[in-house]
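Number of protein chains: 4
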Amino acid sequence: MNKILLITKKGVSIPKKLKETLYRVFKAHGIDIVEEFKPEYQNQILAVVVLGGDGTLLRAAPTAYMLDVPLLGVNLGRLGFLTEITEDEAGKTFESLAKGTYEIEERLILEVYSGPKKYLSLNEVAIIKGPLGLMIHIKVDCDGKLLSVYHGDGLIISTPTGSTAYNLSAGGPIVHPQSDNFILTPICPFMLSARPIVIPADKKLSASLLYKAEEVHVIIDGYINFILSHEDRLQIKKAPRTLKLVRSPTRDYFEILRIKLGWAEVKV
Amino acid sequence: MNKILLITKKGVSIPKKLKETLYRVFKAHGIDIVEEFKPEYQNQILAVVVLGGDGTLLRAAPTAYMLDVPLLGVNLGRLGFLTEITEDEAGKTFESLAKGTYEIEERLILEVYSGPKKYLSLNEVAIIKGPLGLMIHIKVDCDGKLLSVYHGDGLIISTPTGSTAYNLSAGGPIVHPQSDNFILTPICPFMLSARPIVIPADKKLSASLLYKAEEVHVIIDGYINFILSHEDRLQIKKAPRTLKLVRSPTRDYFEILRIKLGWAEVKV
Amino acid sequence: MNKILLITKKGVSIPKKLKETLYRVFKAHGIDIVEEFKPEYQNQILAVVVLGGDGTLLRAAPTAYMLDVPLLGVNLGRLGFLTEITEDEAGKTFESLAKGTYEIEERLILEVYSGPKKYLSLNEVAIIKGPLGLMIHIKVDCDGKLLSVYHGDGLIISTPTGSTAYNLSAGGPIVHPQSDNFILTPICPFMLSARPIVIPADKKLSASLLYKAEEVHVIIDGYINFILSHEDRLQIKKAPRTLKLVRSPTRDYFEILRIKLGWAEVKV
Amino acid sequence: MNKILLITKKGVSIPKKLKETLYRVFKAHGIDIVEEFKPEYQNQILAVVVLGGDGTLLRAAPTAYMLDVPLLGVNLGRLGFLTEITEDEAGKTFESLAKGTYEIEERLILEVYSGPKKYLSLNEVAIIKGPLGLMIHIKVDCDGKLLSVYHGDGLIISTPTGSTAYNLSAGGPIVHPQSDNFILTPICPFMLSARPIVIPADKKLSASLLYKAEEVHVIIDGYINFILSHEDRLQIKKAPRTLKLVRSPTRDYFEILRIKLGWAEVKV
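Chains as they are written, first to last, in full-length UniProt numbering: chain A, 1 to 268; chain B, 1 to 268; chain C, 1 to 268; chain D, 1 to 268.
Check each hint, because a few of them may be wrong.
[To be verified] Covered by chain A, per the in silico footprint, the following chain B stretches (three or more residues, Cβ under 8 Å): (1) 135-148; (2) 183-197; (3) 235-244; (4) 250-260.
Calculated directly from the structure, the hints in this document are not laboratory data. Computed from a predicted model, the values in this text were never measured in an experiment. All C-beta atoms, glycine included, are put in the ideal place defined by N, C-alpha and C.
Just chain A, with the same shape it has in the complex (with noise of 0.2 Å):
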């Protein structure tokens, strides 16, 4: 347990200074930084550190989870709603990393399957239709119940993790972390009675289409696609483990949300 893998932004430049905090800390207590996984890593790898933005956090996630370790998310930019700590605040976390004096905050981990294959997402699946296509009809079923039929542009399952991110955008109610649900969220529903729903994450949904419909999309996380055909039928249920995302030192949960949405503000 003496590596960390280290995963940054495509095409993005780490600042020097951060670089150099980086490798220092590490270094003075013996641990390697690699920037590629490798098999004989196994066993070795004590936490995922991501230097970018919550996009990259999204494409690290799986990883961190299949190792079952901590991963830890630096924003390069604006402050992340994943990626909690700030360049000014990466040495001492860095540090507590080190020393293993860390908080962890668990996050609940999507499992999706399609026919043979299986994806992990800490964000969303969403089912979108093409902007050429007609309206869609997405039958959900709930334990092998029909929950509703979604007649729109598409339908968003989304993590308590994901909730402030397409959810939101679509109408969808914020839902903490530690809330342990899922959320479905139609996107622009062609039914006034549409409504954002919550349920109890040890469910099991399955998701398809009830009728044929050129290029429906299925996204996960922004960065996963694939088409879904009327054939096939979506499954989704909880991860077995969490994901252990490295906590913010300096600020909780509700802070985050009142700095990212402009909240306690009254701006009319």
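Since chain A is already given, all that's left is putting chains B, C and D on it; use the hints.
Below, chains B, C and D without anything else, positioned relative to chain A:
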């Protein structure tokens, strides 16, 4: 354990056939029906039976909770969210109640503390300004830390059970009754960024007015109300036990949702 | 036409410098400032000047409308939607008012009839249940034909000017002040299909309660209120003239929107 | 003026009885039915008759607009918003069309300019990102001044007629067809303060992408589509004439709304 506590909607006469069924079924099992609780019945009440609508059941819920016995609601009008049993199904359900073969569904109950007083709520606590007052500013803390300040007409703190009641009118999400959460939904917020938020029910909430305001009401489950002053602090937490609601033998939660909300119909 | 009617926010003292500017500029043009309207001033009032906030301007609007003179609002606090002129800009704007070189913006005014009484409204008429009452049912006719029945806490009938006030809090759309329309927005509707609707201002609306209800309030522009009984019929139509609001010399409508609503910022 | 241009839904066979009625009624008045427009018919077309659904009528609208003749839509399925005439009412309506005793309703048409091309729209212009793309940023000017920048999945610019179509799914208000306005409604906005806005139709709008983005689509009335590049500027204004839609002899606008949207029902 040989008594049923019967609670009926005030001023409404029970259909003759239903009344006959009720008395016949329970008598056959040696169970008495009482319409008033007396201290000497303490350990003799088997269940509370409500004949009426959701409003009647809300008023009966604290009694069933405190006696820790099942609560069965038979709807005299249109199907309710809480009074899931129709008149037609009543006989069969009374039978299963007498035999002890019924299924129950546990529902989260809120405890609301205001000074020395304590209230129980199955649906929601609403803090709302009087119609003539100016905008109010409600500061909410969660486990002792600032959650947000809500500017506007008011705030609803709802249980999952209450999510399809006032919360839904105010724009809040539907939350499955087995989801162990609170829902905070602002009423006519004077801030564009205000959104409903779902938080785990193991958190303790407290709400108070940031500034002096005239005539601010606390309304619990639509029938308890008192005035909230600037000096007051409302404390809300999950009750130690759950309410035991007797389930419909024929309809699951999503079916009730679809019927009540007109889901799965394409009207637009 | 040599008098300015000055209306100030009750209990608020006008900044000394602003007061001096006000008196100096108008005196230089031979214009008197009066703080009370007297019948003998009928044809001598050049304009109404409001120093205060949007609430003060709303109260002054009927006077300016009835005198058919321009209304100028200088904001003493944060920029208002109606009091568009800041203290810094006041001198310049007083000058242009004295010289007659100002620009005005015409704003739709509502006439609200309740029995023998008539009220004028610049923002909105809200029909809202008292906090202790049950859901109310408001039947709205448009040009004598049924528009809809609104079930819930109430209904807002707003002008375009009022669209950024209570209407916005209740979920209604922003409507440009030059748009000749009414906006009907339900308050906490107990029906999932209720949506805000925008209708041409040449239509005549009438609203009444479908059933008896206790304590239903009519609130006009936040400061006029009376009780609506089951027998009453509220009639609403566009006033024959418009209100002449003196425009900000430096900001257009969309800029005010962007400032007030925090638009064009990406917070999420 | 002795010809009817008949446009039918592709691949759908017209009910035999309806077809007979159509030919019989018009023949009795010496009016021919043609199913294709030829230049020599220029001044001979009396009206355009559509048999189908709202989609078929949307495709026929530019033709009726350019010929400046009435457009009559008979719905072959469920009642439409645009195809207001049912099969049962068709005979009577054909009769009144032949006699010239019908009533028309004028509907605003958008002109959309993209480079050298011009399109006509009865419902809406939607700018929407492809399913795989990142958030887009749409800058909208109104009469040459910045209105707002919309961050998210896209933006709908709708006519009042289109307000009950895609606009409604995206959360926009219902706007009466006689209201002379555009509606701008964001699609899944990544900004909590984004709200639908209604602006007078005499304003000229232009929309462009603030940054380069892959695969941004412009979709007009659901059947025209093209790609919007970073260099493009979409210009939108009210067409000089209106579309003349033949009105239902029996239903007013609010009745159609109530039927189609399930209004005036209390489901919750």
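We went through each hint and held it up to the structure:
1. Figure legend: the segment 135-148 of chain B, annotated as covered by chain A; annotation consistent (5 residues with Cβ-Cβ distances under 8 Å, at least 3 required).
2. Coverage of the segment 183-197 of chain B by chain A holds. Counting CB-CB distances below 8 Å, 9 residues qualify, and the rule asks for three or more.
3. Here's how the segment 235-244 of chain B fares: 0 of its residues keep a CB closer than 8 Å to some CB of chain A, so the rule of at least three is not met and the hint is violated.
4. As drawn, the segment 250-260 of chain B meets chain A at 5 residues by the rule of a beta-carbon pair under 8 Å; at three or more, the given contact holds.
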